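If you read the protein sequences in the order shown, they are chains W and D. Here the first sequence is numbered in our numbering, starting from 1 and rising by one per residue. Here the second sequence is numbered in our numbering, starting from 1 and rising by one per residue.
These aren't lab readings, by the way, just hints derived from the structure by calculation. Don't take every hint at face value.
[As the list claims (entries may be wrong)] List of simulated lysine to aspartate or glutamate pairs, DMTMM-like, C-alpha gap at most 20 angstroms:
hint : chain 1 : residue 1 : chain 2 : residue 2
1    : D       : 162       : D       : 239
2    : D       : 171       : D       : 239
3    : W       : 137       : D       : 9
4    : D       : 162       : W       : 138
5    : W       : 49        : D       : 21
6    : D       : 162       : D       : 150
7    : D       : 186       : W       : 138
8    : D       : 170       : D       : 150
9    : D       : 162       : D       : 237
10   : D       : 123       : D       : 59
11   : D       : 123       : D       : 66
12   : W       : 137       : D       : 181
13   : W       : 90        : W       : 108
14   : D       : 123       : D       : 192
15   : D       : 123       : D       : 150
16   : D       : 164       : D       : 127
17   : D       : 186       : D       : 66
18   : D       : 164       : D       : 243
19   : W       : 49        : D       : 192
20   : D       : 186       : W       : 108
21   : D       : 210       : D       : 260
[To be verified] A few chain W residues that face chain D, going by a derived Cβ cut-off under 10 angstroms, partial list only:
hint : residue
22   : 2
23   : 20
24   : 27
25   : 30
26   : 71
27   : 78
28   : 91
29   : 131
30   : 164
These numbers come from a predicted model, not from an experiment. Beta carbons: idealized from backbone N, C-alpha and C, even for Gly.
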Amino acid sequence: MTRETIIIAFRFIFLVLVQTLILNNIYFFDYINPNLYILFIFLYPLGVKRTNFLIVSFLLGLSIDLFSNSGGINAAATVAIAYLRLPILKLLINSQDVDLKLFKLHKESFFRVLTYISILTFTHHFVLIGLEYSSIKEIGAILHKTITTSLFTIFLCTLSIYLFSKNKTTNF
Amino acid sequence: MHKIAYFIEKHKYFLLFILLEVIAIGLTIQSHNYHKSQFINTANSLTGNLLTKSNTFFEFINLKAENLRLAKENANLRTALHIKNNESTFIISDSSAIINSFIPAKIIQNNYTKRNNILTINKGSLDGIVIDMGVVNSNGIIGVVNQVSDNFATVLSVLNEKSKVNAKLKKNNYFGTLTWDGINYKTSQLLDIQRQANISVGDTIVTGGKSILFPENINIGIITSFDASIKNYTNIEVEFFTDMSNIGYIYAIYNLDREEILELQNND
Numbered sequence: 001m002t003r004e005t006i007i008i009a010f011r012f013i014f015l016v017l018v019q020t021l022i023l024n025n026i027y028f029f030d031y032i033n034p035n036l037y038i039l040f041i042f043l044y045p046l047g048v049k050r051t052n053f054l055i056v057s058f059l060l061g062l063s064i065d066l067f068s069n070s071g072g073i074n075a076a077a078t079v080a081i082a083y084l085r086l087p088i089l090k091l092l093i094n095s096q097d098v099d100l101k102l103f104k105l106h107k108e109s110f111f112r113v114l115t116y117i118s119i120l121t122f123t124h125h126f127v128l129i130g131l132e133y134s135s136i137k138e139i140g141a142i143l144h145k146t147i148t149t150s151l152f153t154i155f156l157c158t159l160s161i162y163l164f165s166k167n168k169t170t171n172f
Numbered sequence: 001m002h003k004i005a006y007f008i009e010k011h012k013y014f015l016l017f018i019l020l021e022v023i024a025i026g027l028t029i030q031s032h033n034y035h036k037s038q039f040i041n042t043a044n045s046l047t048g049n050l051l052t053k054s055n056t057f058f059e060f061i062n063l064k065a066e067n068l069r070l071a072k073e074n075a076n077l078r079t080a081l082h083i084k085n086n087e088s089t090f091i092i093s094d095s096s097a098i099i100n101s102f103i104p105a106k107i108i109q110n111n112y113t114k115r116n117n118i119l120t121i122n123k124g125s126l127d128g129i130v131i132d133m134g135v136v137n138s139n140g141i142i143g144v145v146n147q148v149s150d151n152f153a154t155v156l157s158v159l160n161e162k163s164k165v166n167a168k169l170k171k172n173n174y175f176g177t178l179t180w181d182g183i184n185y186k187t188s189q190l191l192d193i194q195r196q197a198n199i200s201v202g203d204t205i206v207t208g209g210k211s212i213l214f215p216e217n218i219n220i221g222i223i224t225s226f227d228a229s230i231k232n233y234t235n236i237e238v239e240f241f242t243d244m245s246n247i248g249y250i251y252a253i254y255n256l257d258r259e260e261i262l263e264l265q266n267n268d
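Here chain D stands alone, though its shape is the one from the complex:
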């Protein structure tokens, strides 16, 4: 017993070093667990408020591009509305026909250069944000809500090792999984596409409706290159429509049927 006390006393500096490293690496491993509650994240009021303040300074750099994107989105929506008004005279009044509700929010911290990128948005559970909501802007998908506090939330970006989005070819509905290899923030990789799919460069990739995270047919990107062998396709590179280095206002999507779907899945 005396020897142990002596040992600790003699090596206390080294032992403290080991202890601190173990805590730090423990926190790192814990942060790799998708959805497990983490102690160290930006969805708390202290960091959230500071990031909001710093964002107001940096916001104006992207303002021009952001305004242009919003104007374009408005134009597209107006066109769609115009077509709709002309082709049908009745308006859907049944509220059950609406399956997705959109909550607008702003990115207050954007990352795109790390291996695992996580974004912070300025809306939280008080605004109706819950874990596992899909996050998009008018150009395409951005990520999935990961952690939520009262006023802020973190979003697992598509530029993350853990991000796996169900995607499909727009032209023929073959499904695949979208992942990111960490090299270039402009492109991601599409896996598990069947050989029969007959893909070509320039094909549009959209979200498949297989998960409740994203509704069907939300834009992702276009195929820029791929290798084909007799058995399968490899190295399918997909260029995002969204410029991940320049995102400001986003929408979090809430699937109104979500609870029902989850309940059914849990019953199985």
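Same shape as in the complex, but just chain W:
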């Protein structure tokens, strides 16, 4: 077990507990329940084998589902963004310039980080809420909830990235 693995494992448990025991009890404007736990996907190192990453993402989503009686909607949404993460990153940063293995999120420009987080968060929330409603008739409600919840999630994730990774000596 490397130091990196231990940090990732610790982050996994920490985010699951924060999400299920604290954030799931907090509602902004009476209905917005942000999903901070997807921060795990944003911060997961790029160098690791992608199949492992997909499986870990699935387990993360499933752990959230285990606490919230929601079947497998969090697992489905988390696996979706885990799969889309690399293509989106490649679009955003010129992959010829940067070695993806050395990529550090908080060293990138703020605008890039925000775009990266926003695209993945919207995708995640759309899949999550779409599956929760699972009805095309309620598309209006789905979009409304996706957008409002995403804004809070994006805000919390960006804040966490800059609060917890700037002064640290660790690389993520």
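For chain W, the structure is supplied; the task is to place chain D on it using the hints.
Just chain D now, with coordinates in the frame of chain W:
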């Protein structure tokens, strides 16, 4: 054969993605089946115990309102007892006259913002909770027990697509079905009320005794608005008496005649 192996090897990342998505969506579809046993639910000892711990921290936020509600309930019960003592001198000693038993429990996880809300309570089969018990508090109905483990149970909230409660008008006993459209947690929709029912804004809706889930005449809410046409009523909005965002202690109702009723229904 060689080609298939090559194909799998080449696309294994994509195939794994599809496999995981299929499992996740399979679990979602399975969770939509009311009453089918689910693997992923909060009625297990690991999540139940963790939720209990987190609940002890968040409990104090609602404590004031909860105390007030319990005090009010006590006052109402005392008044009812006082009236009863004055009007009759004999006490019912026949145990068969009691048809419902109430089991007190506490909500350890409350949801009201999702499309399909499911709550978790801190009592399970060891305390006598079984599937399909009605769950109420002193203000009105809350839901129906959905999954049970030894020490915990999940409750299908009235704020759920699958929740269909048999309801009636208090004043003239016309029956309808209470459903929820997922928009506002304070109101639900009453369907299938007949045109002759003559409803008006402010009418009280209570549970009808047609199902064994809830006893008759448990409060649900009041009508806040409706549209009337020549044929029928539409868009009947019912505002809950219970504040679904703030529920703590609840009662699960066990109908003591339940087994007999179920047996009779199965014989048909």
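Evaluation of the provided hints:
no.	hint	verdict
1	D:162 to D:239	19 angstroms, holds
2	D:171 to D:239	17 angstroms, holds
3	W:137 to D:9	40 angstroms, violated
4	D:162 to W:138	16 angstroms, holds
5	W:49 to D:21	19 angstroms, holds
6	D:162 to D:150	25 angstroms, violated
7	D:186 to W:138	19 angstroms, holds
8	D:170 to D:150	37 angstroms, violated
9	D:162 to D:237	18 angstroms, holds
10	D:123 to D:59	17 angstroms, holds
11	D:123 to D:66	19 angstroms, holds
12	W:137 to D:181	12 angstroms, holds
13	W:90 to W:108	13 angstroms, holds
14	D:123 to D:192	35 angstroms, violated
15	D:123 to D:150	8 angstroms, holds
16	D:164 to D:127	26 angstroms, violated
17	D:186 to D:66	18 angstroms, holds
18	D:164 to D:243	19 angstroms, holds
19	W:49 to D:192	57 angstroms, violated
20	D:186 to W:108	45 angstroms, violated
21	D:210 to D:260	15 angstroms, holds
22	2	23 angstroms, violated
23	20	8 angstroms, holds
24	27	6 angstroms, holds
25	30	7 angstroms, holds
26	71	3 angstroms, holds
27	78	9 angstroms, holds
28	91	18 angstroms, violated
29	131	6 angstroms, holds
30	164	22 angstroms, violated
Going down the numbered hints, you'll see the structure goes against 3, 6, 8, 14, 16, 19, 20, 22, 28, 30, while the others check out.
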